[in-house]
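Line order of the protein sequences matches chains A and B. The first sequence lines up with residues 14 to 311 when you count with this note's numbering. The second sequence lines up with residues 1495 to 1743 when you count with this note's numbering.
Treat the hints with care, since some could be wrong.
Simulated DEER-style distance windows between Cβ atoms [stated by the list, open to error]:
no.: 1; chain 1: A; residue 1: 86; chain 2: B; residue 2: 1531; range: 47 to 57 Å
no.: 2; chain 1: B; residue 1: 1541; chain 2: A; residue 2: 140; range: 52 to 62 Å
no.: 3; chain 1: B; residue 1: 1532; chain 2: A; residue 2: 140; range: 54 to 64 Å
no.: 4; chain 1: A; residue 1: 239; chain 2: B; residue 2: 1502; range: 49 to 59 Å
Read the hints as simulated data drawn from the structure, not as lab findings. All values derive from a computational prediction rather than experimental measurement. Backbone N, C-alpha and C define an ideal beta-carbon position, used for all residues, glycine too.
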Amino acid sequence: MRVTVDVGSAIDVAALTVRRGGRVVLDSLSCRIAPASVTGLLGPSGSGKTTLMRSIVGVQRIAAGTVSVFGLPAGSPELRARTGYMTQSVSIYDDLTVAENVRYFATVAGAGRTAVARTIDEVGLAGAARQLVHTLSGGQRSRASLACALVGDPELLVLDEPTVGQDPVLREELWDMFHARARAGATVVVSSHVMDEAVRCDRLLLIRDGALLADDTPAGVQAAAGTDDMDAAFLTLIRQSGQEPLGGRERGIDGGADGRADAVTDLAAKAAEQRHTRSDASDTGGRHARGDRQGHGQ
Amino acid sequence: MTPAITPRILAATAARILRQLTHDPRSIAMLVALPVVLMTFLYFMFDGAQPLISNLLLIMLGIFPLVAMFLITSVAMLRERTSGTLERLMTTPSGKLDLLFGYGISFGIAAAVQGLVAAGCAYWFFSMSTAGSAWLTVLVAILGGLLGMSLGLVSSAFARTEFQAVQMFQIVVIPQSLLCGLFVPRADMATWLHVLSDLMPLTYVVEALQQIGAHAEPSAILWRDAGIVAGCVLLALGLASATLRRRTA
């Protein structure tokens, strides 16, 4: 696994505060994301991952702080041709085929025609390219949406839960592809709530309650928590931070103690659910004919 | 700054919206066939009596495209907002005007198809006659479609759900249809209704069509009315552009 030496940052988030509906979603969050690397945003649902991603691509109204990408303010027109963003919901046109969707976003991004077929192949949808999106399975739809973000070969890839609903074989391939993109120079930011995906990232940002809980390599997180198991490591870090004072942070409807308890149970539930899918997955794994499972450094 | 419109993106957007429409043949069939069916009702309701039926169908040729394009556009734009495609487009080099004019071009083409079929049927099957050119009739019908499209784009900004989007029809389109001169000639309306009617753009679509009906050569009032409607379309597109925010809460 690559360890990125400090060569400046691709993304610089400084004291970012975002309020949504009167609630503080991100609270003076600061972080830096290294270029040409895969950075994982992890945390329970509602922790602010999506809001941080929206801030990075420049569509989030922010209350305070700054976000800069490649030295420019996030959302600058110059950045838009260099950014690929995949939202958490499948944000493509249901009533178009996969190829028509990818071709449209390719043209918007200024990508060449050859990029369309290559990208569709890259997400494993070559066989479904001429199918209307609303006839696809959930996992296929999500990959079609991913293809629309990848198609311009953007220097910044911001992917909100791109591996949700994918079987283990495809998940493996997608993570390999994210790393291939990073090796080619792209800055890849991937959110996930599946904790065993954390080890696949070069660097992790653990977010909880709109604040940064950890910014470290997977190995660093494991060492700090004193366990190799990522689920356990995160639970430990959350419990550790739970004992720290909240520093007078303004809280919304979910009061401090309750919010913490919720986050821990949420995460524990996610971990249980994911262990469940993992045992399911071993059944479905064999069905996939694509044999080129490249092993990935665990 | 980046240009407000990138021809490449505008063309791709218009083509994309048209392609979405062509994947929905039932919508196209309804778009084209419904005006003909409704005109058939009108024709037989009034036993084809002239000049009543000519005057009536001429007004309907302005109302059909407005109604159809308003409904289609407001739902299509609402889907852009709720599905996340709008948010995604806002992270791309696409400008707001690329999107809005993309709707204008594609639904303008749809309005042209609808207008040609409806006007063709009116002239040939329902013995509608106008003193002026049939092509001008089609052009004004297209203008009515563009008006419906632009009003649909604006009103979708004020709807959170499909239910609300469709109800906007009752706020935006029905009052205009009531007061445009279809049911009661504008000259016979009470002053306050006449003033309201003056403020509604559909009134000028209908008046322009009536000018074509009455005069062999394009009249000054026709050009003025066409100008007013075109101005309203641009105004509505400007308003719609203001409701498209790159950054949202």
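Hints versus structure:
Judged by the Cβ atoms, the range 47 to 57 Å given for residue 86 of chain A and residue 1531 of chain B holds: they are separated by roughly 55 Å. Range check, residue 1541 of chain B to residue 140 of chain A: about 59 Å between beta-carbon atoms, so the 52 to 62 Å window is met. Taking 54 to 64 Å as the suggested C-beta distance range, the pair residue 1532 of chain B and residue 140 of chain A does not conform, at roughly 45 Å. A hinted range of 49 to 59 Å for the beta carbons of residue 239 of chain A and residue 1502 of chain B is consistent with their spacing of about 55 Å.
Checked against the numbered hints above, the structure breaks only hint 3 and satisfies the rest.
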